[in-house]
Amino acid sequence: MSLDLVAAGTVAAMMAAATLRAAAPIIFASLGGLISELAGCINVALEGVMLVAAFAGVITSAYSALWFPDAPLWLHPWLGCAAGLLAGTALAGLLAVFHLELGADLIVAGIGLNILAQGLTVLLMAHLTGDKGSTASLTSFALPSLRWAGLGDVPVLGVLLNGDGDAGHNVLVYGAMAATGWVAWALRHTVLGLRLRAAGENAEAALAAGLPVKRLRYAGLLLSGLLASGGGVFLGMGYLTLFQADMAAGRGYLALAAVFLGGRRPLGTVAAALVFGGATVMAARLGLLAVPSEVVFMIPPLVTIAALVLVKQHQRLAARRRAAAGRAALISP
Amino acid sequence: MMPSREGARIALAVAAALALGFAVMACVSDQPWAAFRALLTGPLPSIDHTADGRVVVHRLVRFGAWLQDATTLTLVGLAIAIPFRARQFSLGADGQLFMGALAAAAVSLALGDVPAALPLAFLAAAAAAATWGLLPGLLKTRFEANEIVTTLMLNVVAVQIYRLVVGRVLNDPTAGFITTPPLPDAATLAPLIARTTVTAMVLVAPVAVAAALFLLRRTTLGYEIDLAGANPWFAARAGVPVARATMVAFALGGAFAGLAGFHVSNALLKRLPVDLTPGIGLEGIVVALLARGRVGALPLAALGYAYLRVGAQAMERATDVPREVVLVIQALIILFVVSDRLAPLALGLLRRVRASMGRRTA
Chain A
1 MSLDLVAAGT VAAMMAAATL RAAAPIIFAS LGGLISELAG CINVALEGVM LVAAFAGVIT
61 SAYSALWFPD APLWLHPWLG CAAGLLAGTA LAGLLAVFHL ELGADLIVAG IGLNILAQGL
121 TVLLMAHLTG DKGSTASLTS FALPSLRWAG LGDVPVLGVL LNGDGDAGHN VLVYGAMAAT
181 GWVAWALRHT VLGLRLRAAG ENAEAALAAG LPVKRLRYAG LLLSGLLASG GGVFLGMGYL
241 TLFQADMAAG RGYLALAAVF LGGRRPLGTV AAALVFGGAT VMAARLGLLA VPSEVVFMIP
301 PLVTIAALVL VKQHQRLAAR RRAAAGRAAL ISP
Chain B
1 MMPSREGARI ALAVAAALAL GFAVMACVSD QPWAAFRALL TGPLPSIDHT ADGRVVVHRL
61 VRFGAWLQDA TTLTLVGLAI AIPFRARQFS LGADGQLFMG ALAAAAVSLA LGDVPAALPL
121 AFLAAAAAAA TWGLLPGLLK TRFEANEIVT TLMLNVVAVQ IYRLVVGRVL NDPTAGFITT
181 PPLPDAATLA PLIARTTVTA MVLVAPVAVA AALFLLRRTT LGYEIDLAGA NPWFAARAGV
241 PVARATMVAF ALGGAFAGLA GFHVSNALLK RLPVDLTPGI GLEGIVVALL ARGRVGALPL
301 AALGYAYLRV GAQAMERATD VPREVVLVIQ ALIILFVVSD RLAPLALGLL RRVRASMGRR
361 TA
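Chains as they are written, first to last, in my numbering: chain A, 1 to 333; chain B, 1 to 362.
In case anyone wonders, no lab produced these hints; they're calculated from the structure. Careful, some of the hints might be misleading.
[Claimed, not checked] For lysine to any residue, the following SDA-like pairs were computed, each having C-alpha atoms within a straight-line distance of at most 20 Å:
| hint | chain 1 | residue 1 | chain 2 | residue 2 |
| --- | --- | --- | --- | --- |
| 1 | B | Lys-270 | B | Thr-141 |
| 2 | A | Lys-312 | A | Arg-322 |
| 3 | A | Lys-214 | B | Arg-341 |
| 4 | B | Lys-270 | B | Pro-344 |
| 5 | A | Lys-132 | B | Gln-313 |
| 6 | B | Lys-270 | B | Phe-143 |
| 7 | A | Lys-132 | B | Pro-322 |
| 8 | A | Lys-214 | B | Asp-340 |
| 9 | A | Lys-132 | B | Gly-279 |
| 10 | B | Lys-270 | B | Asp-340 |
| 11 | A | Lys-132 | B | Asp-340 |
| 12 | B | Lys-270 | B | Leu-111 |
| 13 | A | Lys-312 | B | Ala-243 |
| 14 | B | Lys-270 | B | Arg-341 |
| 15 | B | Lys-270 | B | Val-28 |
| 16 | A | Lys-312 | A | Ser-293 |
| 17 | A | Lys-214 | A | Ala-245 |
| 18 | A | Lys-132 | B | Phe-177 |
| 19 | A | Lys-132 | B | Ala-243 |
| 20 | A | Lys-132 | B | Glu-316 |
| 21 | A | Lys-132 | B | Thr-319 |
| 22 | A | Lys-214 | A | Trp-74 |
| 23 | A | Lys-132 | B | Thr-179 |
| 24 | A | Lys-312 | B | Phe-143 |
| 25 | A | Lys-132 | B | Pro-32 |
| 26 | B | Lys-270 | B | Gly-348 |
| 27 | A | Lys-214 | A | Val-191 |
| 28 | A | Lys-132 | B | Val-24 |
| 29 | A | Lys-132 | B | Phe-143 |
| 30 | A | Lys-132 | B | Cys-27 |
| 31 | A | Lys-312 | B | Phe-177 |
| 32 | A | Lys-132 | B | Ala-318 |
| 33 | A | Lys-132 | A | Ala-245 |
| 34 | A | Lys-132 | B | Thr-141 |
| 35 | A | Lys-132 | B | Leu-111 |
| 36 | B | Lys-270 | B | Leu-189 |
[Unchecked claim] Residues from chain A that face chain B, not an exhaustive set, calculated with beta carbons under 8 Å:
| hint | residue |
| --- | --- |
| 37 | Val-108 |
| 38 | Leu-116 |
| 39 | His-127 |
| 40 | Leu-194 |
Everything numeric in this text was worked out from a predicted model, so none of it was measured. We put the beta carbon where it would ideally sit given N, CA and C, even for glycine.
Work out the full structure: start from the sequences and follow the hints.
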């Protein structure tokens, strides 16, 4: 009986660890999407930011090994990570310039930058490696994994904290958790967080109060680029250890959905990102059974749509209940 | 059709994007000039004189590919532009196209070689895609679900439904690869130009645009769609059924994407492979943007953009530049076209430079 429990617990821990791994890039991107959305600028370019960050990270880590053959091995992935974060943030900066300086529609410009990222990464990859599909011919590096020592034999906890193969979770999985905490805290408790939200909530009032709305929106978009880049770098240097064409595979748009799904709140957003990560893991599990893969691939998008509808229904019911309570309070005295 | 200033602005944006695209090509290619020439002249047929004075036209295939691509792009452009009249950002043309193609092929195969197969397949494509297009409209008006997200998600679902049906229901086991059987002759369109895939659909596209224009400009429904887009709050106050108008705009856009699907299945391929490439629906965004949302300008924008796409294919075959360079040019066109303050800024800079140079010479 207890053996069954341990087995069930191990499976659950495996699923949880896999979910975390699959959700980490979406968590990063959705936190970025949340920050810019709260600052009043919906960032549709999350997808492109992730692509560019993953590409720059992988390529830089590979070339770092060629350029600095004498450098210690641990340096290459971190150089790649820095380059990825920089490149992704720069793309978000480009979006900010096009929107805030040149008057481009935010959504259309975001889509444009996604296409730009898609084209440029494939073009440069073909130029550098001669392959339009992936950078498999290059030796790129993964960021290190953190492994809790001494948990190898602990039944459920070991799998949960050190992953399926006991190799530990990638440092960026912990990064995603840290980013969640930081964003949740900073939006509530820092001056910048308050001002960002003010600029998004009511730009005119914020302007009248003397806030530099435009600069705040720059900050929002750049921060969202930085966070989404973290997700991109994880894709190329943790989730996999190479770059593939169209590697973000819609995660940027999923992240955007997570923001709305989470009611534009940090923890809600991350919860939604975890649901999407879980849907991917579920899909992979079902794929092992006799379910046709086409049906499996439909699960994440259908979950997204269903969740959007359910959350809206819930919010509407809550609002109606509040209104009714308000009316009752008015009538009763 | 289009005010000339706006036209000039777009021409400028396209030229700037091409120039930057060339710069990118020069960075990644050993033969940028040859590549650029192939890109810009690829779709044109070449006309030669033989030694005995006969005129021979070469490369008609690419010319046909251009017209054929412009047909598809016009229809998917409509699928983006019409919901946009109601200020809805539908990115769902891709899924609608797949649904339309699937319905057209299924009806054609079910009916077999009868004369009614062609019109019925045509209608089935429009109806299936309109229904699929209605979904995000329903989700938006009933549940306030963001249409960008829902249309993108529904695209994924539609492509998977397509693969499921083609792979497991309509599959032709004798084909050697996963595909439907060839569609019956009565259901397919014959080419108008020999050795090309240009069919009567090339005429259907402008008719579709005219029909859409008539609907938007001359009917109550079109007026309601415009009002719902311009100011939904005001429109609702004035008694316009905003939700209905929005949903109709979505469904109508879907119907046109469905015709694009019919074009793919019953005119171009004449059988549907399981790995039909998604993405053409998103190209409709570029077309709608180039037309600045003006329905009447869609065919022109589609012709221009299709020219670039076919040129890119010619370039990829002839040189070492991958066709993805067109994605870069496309992205730059989008960015430059929507940047309203870019042209004044550039002109102002130019004027300032000229003024400072004038001062220096004076």
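We went through each hint and held it up to the structure:
Note on Lys-270 (chain B) and Thr-141 (chain B): the hinted pairing is violated, with a Cα-Cα distance of about 37 Å set against a maximum of 20 Å. For a cut-off of 20 Å, the pair hint linking Lys-312 (chain A) to Arg-322 (chain A) stands: about 15 Å separates their Cα positions. As the CA atoms of Lys-214 (chain A) and Arg-341 (chain B) are separated by approximately 16 Å, the hinted pair is consistent with the 20 Å bound. At most 20 Å may separate the alpha-carbon atoms for a hinted pair to count; Lys-270 (chain B) and Pro-344 (chain B) exceed this at roughly 49 Å.
Proposed proximity of Lys-132 (chain A) and Gln-313 (chain B) is supported: the alpha carbons are some 15 Å apart, at most 20 Å. Straight-line distance between C-alpha atoms of Lys-270 (chain B) and Phe-143 (chain B) comes to about 39 Å, which puts the hinted pair past the 20 Å bound. Under the criterion of a C-alpha separation no larger than 20 Å, the hint pairing Lys-132 (chain A) with Pro-322 (chain B) is consistent with the structure, at around 8 Å. Of the supplied pair hints, the one linking Lys-214 (chain A) and Asp-340 (chain B) holds, its CA atoms being roughly 18 Å apart against a limit of 20 Å.
With a C-alpha separation of about 17 Å, the suggested pairing of Lys-132 (chain A) with Gly-279 (chain B) holds against the 20 Å cut-off. Distance check on the hinted pair: Lys-270 (chain B) and Asp-340 (chain B) sit about 43 Å apart at the alpha-carbon level, beyond 20 Å; violated. Distance check on the hinted pair: Lys-132 (chain A) and Asp-340 (chain B) sit about 34 Å apart at the alpha-carbon level, beyond 20 Å; violated. With a C-alpha separation of about 15 Å, the suggested pair Lys-270 (chain B) and Leu-111 (chain B) falls inside the 20 Å cut-off, and the hint holds.
For the hint linking Lys-312 (chain A) to Ala-243 (chain B), the alpha-carbon distance of about 17 Å falls within 20 Å, and the restraint holds. This hinted pair does not check out: Lys-270 (chain B) and Arg-341 (chain B) have alpha carbons roughly 46 Å apart, beyond 20 Å. The suggested pairing of Lys-270 (chain B) with Val-28 (chain B) is violated, with an alpha-carbon distance near 38 Å, which exceeds 20 Å. For the hint pairing Lys-312 (chain A) with Ser-293 (chain A), the CA-to-CA distance comes to about 30 Å; that exceeds 20 Å, so the pair is violated.
Proximity of Lys-214 (chain A) to Ala-245 (chain A) is assessed by CA-CA distance (about 34 Å); at most 20 Å being required, the pair is judged violated. Between Lys-132 (chain A) and Phe-177 (chain B), the direct Cα distance comes to roughly 24 Å. Violation of the 20 Å bound is thereby established for this hinted pair. A threshold of 20 Å between alpha carbons decides the hint, and for Lys-132 (chain A) with Ala-243 (chain B) the separation of about 45 Å lies outside it, so the pair is violated. Taken as a hint, the Lys-132 (chain A) and Glu-316 (chain B) pair is honoured in the structure, with Cα atoms around 12 Å apart against an allowance of 20 Å.
A threshold of 20 Å between alpha carbons decides the hint, and for Lys-132 (chain A) with Thr-319 (chain B) the separation of about 15 Å falls inside it, so the pair holds. Distance hint between Lys-214 (chain A) and Trp-74 (chain A) is unfulfilled; the C-alpha atoms sit about 40 Å from each other, more than 20 Å. Taken as a hint, the Lys-132 (chain A) and Thr-179 (chain B) pair is broken in the structure, with Cα atoms around 26 Å apart against an allowance of 20 Å. Distance check on the hinted pair: Lys-312 (chain A) and Phe-143 (chain B) sit about 6 Å apart at the alpha-carbon level, within 20 Å; holds.
Restraint check for Lys-132 (chain A) and Pro-32 (chain B): satisfied, since their Cα atoms lie roughly 19 Å apart, inside the 20 Å limit. For the proposed pair Lys-270 (chain B) and Gly-348 (chain B), the alpha carbon gap of about 53 Å is over 20 Å, so the pair is violated. The suggested pairing of Lys-214 (chain A) with Val-191 (chain A) holds, with an alpha-carbon distance near 16 Å, which does not exceed 20 Å. Annotation: proposed proximity of Lys-132 (chain A) to Val-24 (chain B) holds, straight-line Cα distance about 16 Å (limit 20 Å).
Restraint check: the Cα-Cα separation between Lys-132 (chain A) and Phe-143 (chain B) comes to about 41 Å, which exceeds 20 Å; the hinted pair is violated. Taking the CA atoms of Lys-132 (chain A) and Cys-27 (chain B), the gap is about 17 Å. The hint holds against a cut of 20 Å. A hinted pair counts as satisfied when its Cα atoms are at most 20 Å apart, and Lys-312 (chain A) with Phe-177 (chain B) does not qualify at roughly 44 Å. Of the pairs offered as hints, the one joining Lys-132 (chain A) and Ala-318 (chain B) holds, with about 17 Å between alpha carbons and a cut-off of 20 Å not exceeded.
A C-alpha spacing of about 7 Å is found between Lys-132 (chain A) and Ala-245 (chain A), which places the hinted pair at or below 20 Å, so the restraint holds. For the hint pairing Lys-132 (chain A) with Thr-141 (chain B), the CA-to-CA distance comes to about 42 Å; that exceeds 20 Å, so the pair is violated. Only pairs whose Cα atoms come within 20 Å are accepted, and Lys-132 (chain A) paired with Leu-111 (chain B) is rejected, the gap being roughly 42 Å. Restraint check: the Cα-Cα separation between Lys-270 (chain B) and Leu-189 (chain B) comes to about 9 Å, which is no more than 20 Å; the hinted pair holds.
The interface hint given for Val-108 (chain A) holds, since its Cβ lies 5 Å from the closest Cβ of chain B, which is under the 8 Å cut-off. Against a cut-off of 8 Å between C-beta atoms, the interface hint on Leu-116 (chain A) holds, since the closest Cβ of chain B lies about 3 Å away. Hint on His-127 (chain A) holds. Least Cβ distance to chain B is approximately 4 Å, under the 8 Å limit. Taken as an interface hint, Leu-194 (chain A) does not check out: its beta carbon lies about 26 Å from the nearest beta carbon of chain B, beyond 8 Å.
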